[in-house]
Amino acid sequence: MKSLNNIKTAVLSIAILFSGYHGFSQGATKGDLSVALSYFSVNNQVPYITAKVKTKIDGRFQPVAGISLKLFLDKDSTGTFIGKVTTNENGEASTTIPVSVKKEWTTSTKHIFLATFNGNKKYYAAKGDLTISQAKILIDAGSDKKITASVLELKNGTWVPVNAVDVKIGVKRLGSDLPVGDKPTVTTDSTGTAAADFKRDSIPGDAKGNITLVARVEDNDTYGNLVIEKTVPWGAKFIPLSNFNERSLYGTRYKTPIWLLVAAYSILIAVWGILITLVVSVFKIKKLGETQA
Amino acid sequence: MENSDSIANNKIINDLLPQKFGKAGKIWTGVLVAICLFGLYAYYRQLRYGLIVTSMRDYVSWGIYISNFVFFVAISLVGSLITAVFRLAGVHWSTPLTRIAEMIAVAAIIFASLIIIVDMGSPERFYNLFIHGRLQSPIIWDVIVITTYFFISILLLYFPLLPDIKILLTFKERSGPRLNKFYGYIGSFWKGLPEQYKLGDKAINILCITIIPVAFTIHTVTSWLFATTYRPGWDSTNFGAYFIAGAFLVGAGSVVVAMYVFRKAYHLEKYITEDHFEKMGRILVMLAMLYLYFNINEFLTPFFKMKESEAAYLNGLFTGDFSVVFWFAILTGMIVPTIILLFKKGRKPLPVMIAGIMVVIGAWFKRYLIVTPTLLHPFLPMHDVPASYRHYFPSWEEWAITFGSLAGVMLVITILARIFPIIPIQETITEQHEIAE
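Read top to bottom, the protein sequences are chains A and B. At position 2 of the first sequence (counting the first as 1) the number is 1 in numbering that gives the first Met the number 0, and the numbers step up by one without a gap. At position 334 of the second sequence (counting the first as 1) the number is 333 in numbering that gives the first Met the number 0, and the numbers step up by one without a gap.
Everything labelled a hint here was simulated from the structure, so no lab data went into it. Some hints here could point you the wrong way.
What the hints assert, rightly or not - List time: in silico BS3-like cross-link candidates among lysine-lysine, alpha-carbon distance up to 30 angstroms:
#	chain 1	residue 1	chain 2	residue 2
1	A	K283	B	K304
2	B	K171	A	K145
3	A	K285	B	K278
4	A	K283	B	K171
5	B	K304	A	K207
6	B	K25	B	K180
7	A	K286	B	K25
8	A	K283	B	K165
9	A	K283	B	K190
10	B	K171	A	K286
11	B	K197	A	K283
12	B	K201	A	K285
13	A	K285	B	K25
14	A	K285	B	K197
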């Protein structure tokens, strides 16, 4: 009877174990991914592509880290392979357009970037694409402190002006760009230019008064992100004020405040003076003993 | 009469002369040496591969080493309490405890200095503290006061030893040639002349007066290493007094443990009596309650205000990740010993020793809690850092070095107790004569 009970217990345990296992596997469903691509051309140098991967968790989009994407130019084939990237903890990954696809890049003015993810245990396969027309942005800063940005598109081998593109013209600061005038954004006219007056005369620059002007086309459906910078000596010379080199608690070794030196050395001399006297006492005791001997 | 005095003196001397290790003593020393060697191996690995072998990262840059450092500094304060404060206050019953206290103080301060060098990672840069040290930095104050306190503790151990060395040299057959040579080197000039006694007593009195402010300074400055840094849990004007109260408590706790062990190991029941435990128990309970009062001050008002910037830190201590260690430290280090020692039966040797062990263990964890939770809760939230920066649990190398240093302290005390009398012989004889008269 006892052994029968043991068998019953064992069977029941295994049944519970399997039912539990089945229950866990029901909960582990795969998620869908959204892959968004962005194109960047900064100072008309080698462009780069940024992929952003997200998934919906509890009704909100959250970035997904560790997703490996393959990027291609125009078609999904070995000859047009841009590179393999993996998303970081913000769900982002970037790569420049390599020399290996230069031929494809120069043969056409309009390109499609493709991103593919083959799927893994947690997410289904996903794709993303972005169509871009090749364009560039130029900036000019006149002596009258007028800034002109020009947007040009490559058509049939020549650069032609582009009308009605929003351009942000500003001064590059640590956190973001500061608009140079009242309006942060100006629109290009039929000559492809957007102009703004510089009204930030007192803005601090570097030690020589240099500041960096920035003209930016952001998230344009046709041209992507275009950025151009120019350094001009229009800022105020910035001379940092610091008491670091004065006698202060923050100063370097030789800049110790006098009061602290006096206080510390007085205590040190007093205490170590006493200790030295006591060591001398040891020698006095020794001398007394030797004299006695 | 003289004959009976001589017999009594010989009995005291015979009881109190250093004894060779028995089997238990050899095993005890062997275990301590093994732990120290393992700690040294871990330190070799730290030197070989760098501080990356520890779990310390950008946020928790002070880990278990600095907790251990604060613990050793705290214990070392006992020298000033038992020797200096009691002597100046005319407390005579503490005579048999003074040398134990001084040995603990010397051992603890040696390892407090060493553990700071371990924490530096590159020991070859230690001399830079002296060459390029900024007097504005609390670190330099700490270097200065530790050096000073170490020197004073050595002198305070040495001066009262001189009369005993004369006795040790008289009983050469008990020591062996190497020890006799050593005794001769450090004290053969002591002849017991009245002028020598006068100079020695004067030196001891000066030391007792000097050591009290220096001892207060060493632990206050250690507390200022924290309090001068603007962080949750450290931003307190009360830190100096809070640290000193805790230091006296753990120091007294360590003395009662050592008293019990030496009493049992060397059969010193006649010299370290139940009355000593009764009195040390009373002191311990007073210090535990005082430290508990400071703890309530340190935590109750911030808890009442619960400032946004300190909330995560405080909740972590009271109910979060550190709550088990926090309540363990409070209960084991203060509340339970207080309950034990409040009762007369609790002030018998064994319960006092148990309370002492609880105080010491609780105190070690308390130091860990002073350092780590604060560093894991900076005012500016952690962003874009690796996962290892967000948590801290010491690596095996850190544990090995820490246990190696703790074993090292006990080893130094054991060696000192093997070389020198644990209870001052000459002072005991003098006191016995005074009582008889």
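Item checked: Contradicted hints - numbers only -> 1, 2, 3, 5, 7 and 13
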